[in-house]
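Guided by the hints, dock chain B onto chain A, whose structure is given.
Number of protein chains: 2
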Amino acid sequence: MSAPAEPLDLGRLPGLRWSEEGLASLSGPLLGLFRDLARPWAAWRRDFGAEEHACPVLLGAADMDRMRYFNSFPHLVTLAVNVEDREESLKAFAGSKAVGPDGDVAPFRAAPMRHALTPAPCYHLYPQFAGRELDAPVYLGTRNATFRREAYYQPLVRQWNYHSEEIVCLGSQEEVRAFLSGMSAKWDAFFRQLDLPAAWKTAVDPFFNADRNPSALLQKLDPVKRELTLGEGPALGSANFHRNFFCDTFRILRHGKPAFSGCVGWGVERMMYAIIRRHGYEPGGWPDLKALYPD
Amino acid sequence: MSAPAEPLDLGRLPGLRWSEEGLASLSGPLLGLFRDLARPWAAWRRDFGAEEHACPVLLGAADMDRMRYFNSFPHLVTLAVNVEDREESLKAFAGSKAVGPDGDVAPFRAAPMRHALTPAPCYHLYPQFAGRELDAPVYLGTRNATFRREAYYQPLVRQWNYHSEEIVCLGSQEEVRAFLSGMSAKWDAFFRQLDLPAAWKTAVDPFFNADRNPSALLQKLDPVKRELTLGEGPALGSANFHRNFFCDTFRILRHGKPAFSGCVGWGVERMMYAIIRRHGYEPGGWPDLKALYPD
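Chains A and B supply the protein sequences, listed in that same order. Numbering-wise, the first sequence is residues 1 to 295 according to this note's numbering. Numbering-wise, the second sequence is residues 296 to 590 according to this note's numbering.
Bound conformation, chain A alone:
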């Protein structure tokens, strides 16, 4: 895990309400910045002819399991659970001690769990193409609330609930590699435009038990993840080549063989962090994304 990032002075960010449990509320100019960071994505989607999809917060556990998320990242997962739908179980839960003085929910009889909270926006998209033969590369854009349970949290840098925006490409190996290099070039231009001196670094996903996970070993031998970082700061976003892992899993074909896929995405709150660190706490000093990327 990377070193903790230089913390922000929350006293100078009145629009950020923070809970130690990794949750943030936004208002005022910070909320404006959050929204405006969607603007370049609209432009990039247009450039690639990417259709935007707004997906639910909840994602089927069976699909996530097929994508091996639970094997690789059990420590990061948040699942959704309901009280068992039986009168006596509901009555017991509705009793006055549903939550103890420590804030913990008292044990209850749970219904079977079938969904997790979205770990990354693009996980919703691959299952939608299951069994399809693509007659052209497919480009999709998606933004979602995303969730990672972490050992510690930090405002705008490491949150349990944050937001991510991505563009995904499904196609032949050449098509996906062309997309990744095209998007990387757009990001280079964008970061220069915003005067954010970011640099690409090869990276590995935070696998559980990485020493024994074949996927983690493979990533080390043949890097497929590049992260964009600002100095020694946290990664702002990444460009990921999935080889044909997702498309093979869901039998998505291109030219009669399992297609390839890749995605490029950033954490919206980390981009806000980078802008504040570079351009200061005064909203007047932030890049004018409305002017740079008008509707």
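In case anyone wonders, no lab produced these hints; they're calculated from the structure. Each residue gets a CB set at the ideal place from its N, CA and C atoms; glycine is no exception. Just to be clear, a hint being listed does not mean it is correct.
To be verified - Covered, in the sense of this in silico footprint (three residues per stretch, anywhere, with C-beta under 8 Å from a C-beta of chain A), are these stretches of chain B:
hint: 1; segment: 304 to 318
hint: 2; segment: 338 to 348
hint: 3; segment: 364 to 375
hint: 4; segment: 405 to 413
Stated by the list, open to error - Partial chain B-side listing against chain A, Cβ under 10 Å, derived:
hint: 5; residue: 322
hint: 6; residue: 323
hint: 7; residue: 351
hint: 8; residue: 353
hint: 9; residue: 354
hint: 10; residue: 382
hint: 11; residue: 384
hint: 12; residue: 397
hint: 13; residue: 399
hint: 14; residue: 400
hint: 15; residue: 423
hint: 16; residue: 446
hint: 17; residue: 449
hint: 18; residue: 456
hint: 19; residue: 504
hint: 20; residue: 512
To be verified - Straight-line alpha carbon distances no greater than 20 Å define the calculated EDC-like cross-link-like pairs of lysine to aspartate or glutamate that follow:
hint: 21; chain 1: A; residue 1: 290; chain 2: B; residue 2: 469
hint: 22; chain 1: B; residue 1: 585; chain 2: B; residue 2: 304
hint: 23; chain 1: B; residue 1: 585; chain 2: A; residue 2: 248
For chain B alone, kept in the frame of chain A given last:
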């Protein structure tokens, strides 16, 4: 529970991807309509000087318990759960049988639960004012992903994960009542403008064991909830007078006494449903919210 609403013809809504578990993805003109339904709220927030707050999806269970949500609506609650943060628990969960062939997550050792998925956007706001004396009425706007576990689901009408937008007022009884009648008048004008023949009806929240819940009995004796419905269809939104329940709970004062609160909010997907039912499946026939409510 109200009768099932007239179902939509999903074959005519290519931008709606539906799962039987009450989850929808949107793209194309439907996603445009979803976004445009935020426009009138920006105007209404300006009219009331309401500050917008973007809150997390997760909400502290201790606060929800203080607001008696678990007592009143145990059947609707969705909680967030993580695997216990111990090597052996994570290893067990990461095993290859995390999800069975029926799609159910296999039992695992859970960490203590401390959060639920947002049941209504305004629940995030009252705790923020805990212990404060208000020297003027407070108006707040908020939109969020919202969650209700239901016995059955229906696209755009009854979803496990849907979206709600609200404005809340905290103040004296007179200030809150003036807000509720002011917002109701704005809605009357808005629904006429969209040629949606909606009517107000007195309503009661869907309490668990309603016959034995004092809050449910009180709502019947002294109605505090008015819903806006289209014919026999589902409620599109509601105006709610909370008396001083939330403010008393969190010791929010006005003129030295517990303040009052009220909120007005709609379900975004239900508004989409109403527009499609009234104006048809062709996006060209939908009201032009961009023109009616420009930036």
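The hints, checked one at a time:
1. 304 to 318: holds (count 4)
2. 338 to 348: holds (count 3)
3. 364 to 375: holds (count 9)
4. 405 to 413: Holds, because 5 residues of the segment 405 to 413 of chain B bring their Cβ atoms closer than 8 Å to Cβ atoms of chain A.
5. 322: holds, 5 Å
6. 323: holds, 7 Å
7. 351: Since the shortest Cβ distance to chain A is 4 Å, the answer is holds.
8. 353: Holds, about 5 Å.
9. 354: holds, 9 Å
10. 382: holds, 9 Å
11. 384: OK, holds: residue 384 (chain B) within 10 Å of chain A, min 9 Å.
12. 397: Holds, because the Cβ-Cβ distance from residue 397 (chain B) to chain A comes to roughly 8 Å (cut-off 10 Å).
13. 399: Holds: closest Cβ of chain A sits about 4 Å from residue 399 (chain B), inside 10 Å.
14. 400: Holds, about 4 Å.
15. 423: Where the cut-off is 10 Å and the nearest Cβ of chain A is about 7 Å from residue 423 (chain B), the hint holds.
16. 446: Hint on residue 446 (chain B): holds, closest Cβ of chain A at ~8 Å, below 10 Å.
17. 449: Nearest chain A Cβ about 15 Å off; hint violated.
18. 456: holds, 4 Å
19. 504: This hint holds: residue 504 (chain B) lies near chain A, its Cβ roughly 7 Å from the closest one there, short of 10 Å.
20. 512: violated, 16 Å
21. A:290 / B:469: Violated, at roughly 40 Å.
22. B:585 / B:304: violated, 26 Å
23. B:585 / A:248: violated, 42 Å
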